[in-house]
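For this one, chain A is given, so just place chain B on it according to the hints.
Chains A and B, in that order, give the protein sequences. Counting from 1, one number per residue, gives the positions in the first sequence under this note's numbering. Counting from 1001, one number per residue, gives the positions in the second sequence under this note's numbering.
FYI, nobody ran anything at the bench for these hints, they're computed from the structure. There may be inaccurate statements among the hints.
Simulated restraints on C-beta separations [said to hold, decoys possible]:
| hint | chain 1 | residue 1 | chain 2 | residue 2 | range |
| --- | --- | --- | --- | --- | --- |
| 1 | A | P102 | B | P1160 | 28 to 38 Å |
| 2 | B | E1086 | A | R200 | 52 to 62 Å |
| 3 | A | G23 | B | E1086 | 40 to 50 Å |
| 4 | A | R106 | B | H1157 | 30 to 40 Å |
| 5 | A | Q19 | B | V1027 | 32 to 42 Å |
| 6 | B | R1064 | A | A199 | 22 to 32 Å |
| 7 | A | Y35 | B | Q1129 | 47 to 57 Å |
Calculated pairs, BS3-like style, for lysine-lysine (alpha carbon to alpha carbon, straight line, at most 25 Å) [stated by the list, open to error]:
| hint | chain 1 | residue 1 | chain 2 | residue 2 |
| --- | --- | --- | --- | --- |
| 8 | B | K1134 | A | K134 |
| 9 | A | K11 | B | K1134 |
| 10 | A | K11 | A | K39 |
| 11 | B | K1039 | B | K1011 |
| 12 | A | K3 | A | K39 |
| 13 | B | K1134 | A | K39 |
| 14 | A | K39 | B | K1011 |
| 15 | B | K1003 | B | K1039 |
Glycine included, every Cβ here is placed at the ideal spot set by N, Cα and C.
Protein chains: 2
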Amino acid sequence: MEKATRLFADKGYENTTLQDVAGAVGVSRTALYHYVTSKEELLAMLVEQMSLGLVDTLARLRDRTDLTPEGKLRELTDMLVRQRAESPHQFRVHDQTESVLPEPLRSRHRQARRDVLAALSAVIEEGVQRGEFKPLDARVAAFSILGMCNWVAWWYHPGPDYDIDGVARQISQSAIDMVAAGDASRGMADSARSALAMARSSLDALERMLPGDR
Amino acid sequence: MEKATRLFADKGYENTTLQDVAGAVGVSRTALYHYVTSKEELLAMLVEQMSLGLVDTLARLRDRTDLTPEGKLRELTDMLVRQRAESPHQFRVHDQTESVLPEPLRSRHRQARRDVLAALSAVIEEGVQRGEFKPLDARVAAFSILGMCNWVAWWYHPGPDYDIDGVARQISQSAIDMVAAGDASRGMADSARSALAMARSSLDALERMLPGDR
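Excised from the complex, chain A in its bound form (with noise of 0.2 Å):
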């Protein structure tokens, strides 16, 4: 499978061969037949092991009661970039087959897409309802957080210049940062306002003192 969706993301699917798979795995055509019948049957494996998995996960999270939308949009985008970077070929295989895939698969494969972004835009919908997210499009902010987690797949290369926990990290700070309704601001008002409160009591005070003006 490994070596499939290396040579399909290297030399498109159209372009790849069983024969090609059977000379990257070190076996011979024969041999590969035994496992499977035909490039289209090795597609249909990579997609469903890719996008069904997925899909289960983000609506498990989706519908966590002990996490805040921020809380679950941390784990969201975390999880989406160490995916993307774990199999980057995978993905982009992906993108490029859309078109070839056979039926049914080929709905599966659009459905399990629809079901991700549908979770994603109902975590960001639930935290723009609660204020704790600005209010914006929960459908273009979910477009733009996929964007910036998937293109994680054209770009990242395992190796000292970029630990994967670093990326993740920023990544889903990003996420979040796009979303939040200001909380550096809110939380900063809060303190603000308590101290205002206490001042205001001194000056109070300070006016009980003060002799009678009448």
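Positioned in the frame of chain A, the structure of chain B alone reads:
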């Protein structure tokens, strides 16, 4: 060019023939040969048209002295989003055909991609240096913003659901919110500080009016 881009994006570059392009345009293959001699030539023209113009525009924007880093970032993302929304097929064909591009076009295309990234990173780096942006990894931030803008080529369809002005505005603002060093709280802090200074001088005046305690 438009029909060819569309065909390359829909059927894949490998599966498209010059005959298909001629058919889509509504001319004979012989007539088409009058203008282009091969499908490789068509692809080369698409790549030149797309990448090279953008690189110049971005470099000019990066060097403008009348804009803050935030202003540059806003213009830059706005430009990228609109370009991706206008030519989604062109953009996706690029991604899918890089491995089949002949030299020296392939190297030029890669260089153009690196130049776009460098211009965006330079703007972010400038903002970080000036303390207007958070101290984040400028390259990871640049890739994140590029991903968000590029993804528009995958999801945006012109129509009543999304007007491009609204989409470009939200995405540009998201890019700024991702990197800006909490402008909201900084703005509030500034006004609070001047209010405090005024309050303090009133208290000083009040103090001077009170009978001396020694």
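Hint-by-hint comparison with the structure:
1. Evaluation of the 28 to 38 Å hint for A:P102 and B:P1160 yields a pass: the beta carbon distance comes to about 33 Å.
2. Remark: the range hint 52 to 62 Å for B:E1086 to A:R200 is upheld by a beta-carbon distance near 56 Å.
3. Checked against the given bound of 40 to 50 Å, the beta carbons of A:G23 and B:E1086, roughly 42 Å apart, stay inside it.
4. Checked against the hint of 30 to 40 Å, the pair A:R106 and B:H1157 fails, with Cβ atoms roughly 19 Å apart.
5. A:Q19 and B:V1027 have their C-beta atoms about 38 Å apart, which keeps the hinted 32 to 42 Å range intact.
6. A beta carbon spacing of about 45 Å between B:R1064 and A:A199 contradicts the range 22 to 32 Å that was offered as a hint.
7. For A:Y35 and B:Q1129, the hinted distance range of 47 to 57 Å is satisfied, since their beta carbons lie about 55 Å from each other.
8. For the hint linking B:K1134 to A:K134, the alpha-carbon distance of about 20 Å falls within 25 Å, and the restraint holds.
9. For the suggested pair A:K11 and B:K1134, the alpha carbons sit about 40 Å apart, so the restraint of at most 25 Å is broken.
10. With a C-alpha separation of about 14 Å, the suggested pairing of A:K11 with A:K39 holds against the 25 Å cut-off.
11. Distance check on the hinted pair: B:K1039 and B:K1011 sit about 14 Å apart at the alpha-carbon level, within 25 Å; holds.
12. Proposed proximity of A:K3 and A:K39 is supported: the alpha carbons are some 12 Å apart, at most 25 Å.
13. This hinted pair does not check out: B:K1134 and A:K39 have alpha carbons roughly 48 Å apart, beyond 25 Å.
14. Of the supplied pair hints, the one linking A:K39 and B:K1011 holds, its CA atoms being roughly 18 Å apart against a limit of 25 Å.
15. Straight-line distance between C-alpha atoms of B:K1003 and B:K1039 comes to about 12 Å, which keeps the hinted pair within the 25 Å bound.
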